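Engineer: If you're matching them up, the sequences are chains A and B in order. With this note's numbering applied, the first sequence has no gaps in its numbers, which climb one by one up to 1475 at the end. With this note's numbering applied, the second sequence has no gaps in its numbers, which climb one by one up to 1475 at the end.
Read the hints as simulated data drawn from the structure, not as lab findings. Be aware that one or more of the hints could be misleading.
Copies of the same chain are indistinguishable here, so a pair counts whether it falls within one copy or spans any two.
[What the hints assert, rightly or not] No more than 20 Å apart at the CA atoms, straight line, and that leaves these computed lysine to aspartate or glutamate pairs for EDC-like:
| no. | residue 1 | residue 2 |
| --- | --- | --- |
| 1 | 1358 | 1304 |
| 2 | 1358 | 1429 |
| 3 | 1452 | 1343 |
| 4 | 1452 | 1266 |
| 5 | 1452 | 1262 |
| 6 | 1452 | 1404 |
| 7 | 1358 | 1454 |
| 8 | 1358 | 1377 |
| 9 | 1452 | 1429 |
| 10 | 1452 | 1353 |
| 11 | 1452 | 1308 |
| 12 | 1452 | 1270 |
| 13 | 1358 | 1326 |
| 14 | 1358 | 1436 |
Predicted model only: the values in this text are computed from it and were never measured.
Protein chains: 2
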Amino acid sequence: MTERSDTPELTNTRAERVAAVRALSGRSARSRAGVFLVEGPQGVREAVRFAAPQVREVFVTPAAAERYDEVLADAAANAVRVRTASPEVVAAMSADAQGLLAVLRAAETALDDVLATSPRLVAVCVNVRDPGNAGTVIRAADAAGADAVVLTGHSVDVHNPKTVRATAGSLFHLPVVVDEDTAGVVARLQRARLTVLAADGSGSHDLDDLLDDAGQGQRPDLAQPTAWMFGNEAWGLTPEDAALADAVVRVPLRGKAESLNLAAAATVCLYASSRAHRS
Amino acid sequence: MTERSDTPELTNTRAERVAAVRALSGRSARSRAGVFLVEGPQGVREAVRFAAPQVREVFVTPAAAERYDEVLADAAANAVRVRTASPEVVAAMSADAQGLLAVLRAAETALDDVLATSPRLVAVCVNVRDPGNAGTVIRAADAAGADAVVLTGHSVDVHNPKTVRATAGSLFHLPVVVDEDTAGVVARLQRARLTVLAADGSGSHDLDDLLDDAGQGQRPDLAQPTAWMFGNEAWGLTPEDAALADAVVRVPLRGKAESLNLAAAATVCLYASSRAHRS
């Protein structure tokens, strides 16, 4: 690693390559190039570990190369190309890199590939527009042991840098499917024998009651394979979208709050399923 | 309301009053004046309903006055002073007002006042620095039916506009105590017979196991009055702070995620307590 620390390969902040990487913060550049940015040590570490074939290039400052040497060791072990760059070059590529960023090929996962694995827990984000919220749901789905996340309708681009950062690496831990057709996705989940539950404050089922009854054969039964639908952060699920589900479930609100934020509600629902699946 | 729609009282964006309100986005102006900003219809509505004696003034555009007439009716019923202002004036006061904002007197709640009410569920944020996270925890605590939130150590200013917005009005639903002395707060909670649980990924107790055993007299027993300690978003609780608690509890991580974000973990813990208290 010593020679890397001495002379970074890339030192020209005006190089075309630098501008091309920086442009990946915009959706049009991402979709043109078919690649996206992963910023910061945690994201790059998980990308190199779990999605090495997608990694085109890693850029690292000499200081970050020393500090995160285990990430670079993983990169070397997985034949990932690493280029050292001056702090100025990395900063010009991204304001959120903390010395380490990667460019990855955008890989698409089809819902059928997920269904072929007999998933037991799936999170469906319907028209989720806030990048941080979408990323936080992906992270929570991973933590709760979900098998996949599906983004439907006009949800945020999953490769938005804020979304990628908010996943904290979970983007590389479980398949994330993008499919605009909400009704089609729900129908296919149901055909694959998942119970589809819509999370909504107006739900006729209380989540705690469902958890009490899990495994007792009542419907909906949280112990069964389940897909949760979560709606837009401002307006929730439309009545039409909620009506696609087998049941509408509310997270109990015990204080004076009118609602939980989307990511918090999603986390509570996914953990309830994960708890019901445990036994 | 018609006369209000015609001629706003305030139209001069350069007025001293406008600059004084705008300055409340900064901590020093807030602490000098002993007041803070509440931006947007949801926050103002809850402030007027639940904290009317603290509301110094509400500013509203003619359009927002029509759209949120029920908020202004509540204001009138609670003798809250409302001033109409041009859209330009409101926009100059705050970029996040959506036509409606309020200036409130900062009111302090002492921990002893909370303890006097025999609380059953309290959230303690230790060195929580991100304004959005702190606000989201306050909102989740409200939703889970918690009796209070305490911010200790060097936590973010609860009157930071981002924090206030993230609480979505919950700031006015339950007492929020600010007390730097983490050890002192924990000791006083324990003397008030609350079990203090530190939420930490390294915890020796699994949250789901505690929920299984709740009410069976084992320790810690989630069915008992409980205070949860949540640490900083980046580094969690220090070992010293975690050691103050009666037990350290981990939220189970079932996928490959290393952690949940702070607000998500707090929500899961608070809802587990709320579930245990239900029976």
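Engineer: Go through the numbered hints given earlier and state which of them the structure violates, listing their numbers in rising order.
Structural biologist: 5, 8, 10, 11 and 14
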